[in-house]
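Peer 1: With chain Y's structure known, arrange chain L on it following the hints.
Protein sequences appear in the order of chains Y and L.
Under numbering that gives the first Met the number 0, the first residue of the first sequence is numbered 0, with each subsequent residue one higher.
Under numbering that gives the first Met the number 0, the first residue of the second sequence is numbered 0, with each subsequent residue one higher.
Hints in this document: simulated from the structure, not taken from any laboratory.
Every residue, glycine too, gets a C-beta built ideally from N, C-alpha and C.
Incorrect hints may have been included.
Claimed, not checked - Under 10 Å between C-beta atoms, here's a sample of chain L residues computed to sit facing chain Y:
| no. | residue |
| --- | --- |
| 1 | Met0 |
| 2 | Ile1 |
| 3 | Gln9 |
| 4 | His29 |
| 5 | Ser31 |
| 6 | Ser40 |
| 7 | Leu44 |
| 8 | Val51 |
| 9 | Ala55 |
| 10 | Pro67 |
| 11 | Phe68 |
| 12 | Ile69 |
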Amino acid sequence: MTNVKKLWLFLAFLLFVSFGVLIWSGNQIYQQAPPMPEKVLTSDGQLLYSRAEIEKGRQVWQSFGGMQLGSIWGHGGYVAPDWSADWMHRELMALLNLWANRDYGVESFELANAEQQAALQGRLKSLVRKNTYNPDTGVITLSLDRVKAISQVSEHYQRLFSDEPSTAELREAYAMKNNTVTDPENRRVLSAFFWWTAWATMTNRIDGHITYTNNWPNEPLIDNKPPASMFLWSAFSVTFLLAGIGLMGWYYAVSHGKEEATSKLPATDPMRDLRPTPSMMATAKYFWVLLALFLVQILLGAVTAHYQVEGQVMYGFELSEILPYSITRTWHTQLAVLWIALAWLATGLYIGPAVSGYEPPYQRFGVNLLWVCLLVIVVGAFTGQWFAVNQTLGLEHNFWFGHQGWEYADIGRFWQWFLFIGLLLWLCLVGRSLWPTLRQPSESRSIIGLLFLSTVAIGLFFGAALVWNEHTHISMVEYWRWWLVHLWVEGFFEVFATAVIAFLFTRLGLIPVKTATVAVLFATIIFMSGGVIGTLHHLYFVGSPTPVLALGASFSALEVVPLAYIGFEAYHNYTLGHATEWMKRYRWPIMFFVAVAFWNLVGAGLFGFLINPPLSLYYMQGLNLTPLHGHTALFGVYGMLGIGLTLFCIRGIKPDLIWPEGTLKASFWCFNIGLALMALLTLLPLGVMQLFASLNHGYWYARSADFMQQPVVDLLVWMRVPGDTIFAVGALLLAWFILSLWIKPKYEGGQQRG
Amino acid sequence: MIEFYDEVRQVHWLMAFASGGLLFIHGLIHLSQAGHLFSTSVRYLRYGVDTVLITAALMLTNIVQQFPFIDAWLTVKFLLLMVYLFLSHITLYNTRNPRQYATVWGLALMTWLFIFSVAKTHQSWGIFSLLF
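Just chain Y, with the same shape it has in the complex (with noise of 0.2 Å):
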């Protein structure tokens, strides 16, 4: 049996052991998930909420952008609070209040002594860590004195959500539009939805000493702290990953410079007499959409980050009465999966003929009618979320045609199963171009193979945002919310990523075939092992049960083992750029491919577990550390190699052309420098602020209106607008780069072309 096929059989067992093991996981999900109660009574008798309520709740949150506008159980947006967290404060503090007064006659907890406070804060966490929920009759009963406390929580979440004066100063801390819900009866059952949240956060599991959300979120009145499995699997997690590193370190020690060399490098560009079909042709509109796609990305999010200082005005406009924070996020983060997706279905277009050099009947067709399907798409459902956060689409339309409200899977449902029947003609395109390649036994079959077979997953992984409906489990839709987007950046993309990097290292003679697919083959076969199953990472706190932390936790660290040796791969990349005078003309797509190494390890690697492990996450989950590795690994990573791929494939649109490097050296180095910038005057030194925060004083707090307020966290958002401009320069010059190729271009030799 051969190497590459022992590989092959290799990950199909791996994936096969994976996907078992990340299904199981999904069951225990299930069956552990905090429950939903049919009523919420009082203790004598008094309805407080009804299960339909908790749920339309639910819906409410959702429609005014859901995870965009503060977050549940830590994930969502960073401005406003996470619901849970402040609610269960907010709850605790009322009740803490109620008792001094009642009790020891002071008007607030904070006036009653020392004694008194311990005497209270005891009694606080027997009562609400109890668990009252009875399954047989799914009923929860609470005692008076709580319902008094959620009662003025819920008033005080009403009044927020609408356009009261007593809380305008707080909506415009957390960056909300007035009346953010205009319906008085959809805020009341909002707050019950709110509520529901923050007791998963509070309660012990039946019979058990820790609470639903595994302790999280940090909160001393009540002891919410990490429990002892949660130290335990951190502590493992360093373990397995200096393991991995050092088993990694082994086999490369073993097996560098084994690698069979390319006897003889190609004279001229073996790409350089492609002649591209009609189809591949057509793709160049793919390369111009993206662009504007990129650029408005950036505007968007210059105006989201903005709102984070001036809550609902921009420089003087009321703009959150038009675009307010929650429409400006959804975008921004949209738009980010949405233009790279483009980079990748556009370069895939564009390799199918020019791999097999076979043009199917009717492909320019398809790949215009692909086209004309991304841009409804695009704007049918930014349309839908406009409408649906200003509260005019209704709730009844709004799962299907508004807003979902989870983060990176938030268009309407209508629109998802839009996106994946295009995402479906893409793989037939794709694929149906590749047929006689694929079909022909060649060398080159393994590596276009599992090309293809990435390119097939990324876009059959887009049905997992289809399995969740209007009224499942807060806890499932996060299960299958996970498996499209870690599935997607850290399996998949990862794996598209290596294979079309080494793929067209191949077609360019510069790489041995045989080399090439026993390397992309291993790499998968690391990037899976760690990748599948450290999905769980991202649901340590949304219901889990210990079993699935531990597997989070261990398998999530293996996902940083091939991080750890991208240097190889960065210099080996480098190298090759300089194999050959033609390499020249590769010389800036390949150091995209450089820089996608380098944030790789940096974005996804170092800023990726500072986050990951279980305690760290305990803390850290929500803070401004996680868009510092949300925005360094997926520009850094993807939308580099978004602009690698786009700028090889416009190599090969137009092969004849000079270009102006000046620009796009330029270019590339404000795109390095702005994310730099981006990352360590703003998101990295505010992120840290909060996690001393977090652990000194709560979760809550580090969230608070209270903290993100301060003059200091101001100056710090400020510290981005360098980093930003710079950035944003990088994009321009891009746009220009490309621009310039179709209005002004200049031929080799000198000769000008019509």
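Peer 2: Same frame as chain Y, but now just chain L:
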């Protein structure tokens, strides 16, 4: 942010002087053909200074709640800033001969001086407002 008003204002002024000063020095180096390397480093320094200058300006508008297109003198300052950036860009890349360079460079410096006078007087006419 009002707590940092003095510091931000000082940075703004400092960077404004640095911007004008570097434009002046860069022009002299260019006209005297005193060395490409030094000229390049001044160019990159100018980028850095202008970025910090704009950041400080945005922070100030937010602190004092005065905005271009609402307050007349800031509107003038903003529009002239665009002119200044345009002229500066030409001095960096688009001049064909020393004479053309000197003209654009002189215009950029005069624009800078006028922006300075508008900032100092808080009047749209800047230095010329003293005449009325």
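Peer 1: Against the structure shown, which of the earlier numbered hints fail to hold, in ascending order?
Peer 2: 3, 4, 5, 6, 7
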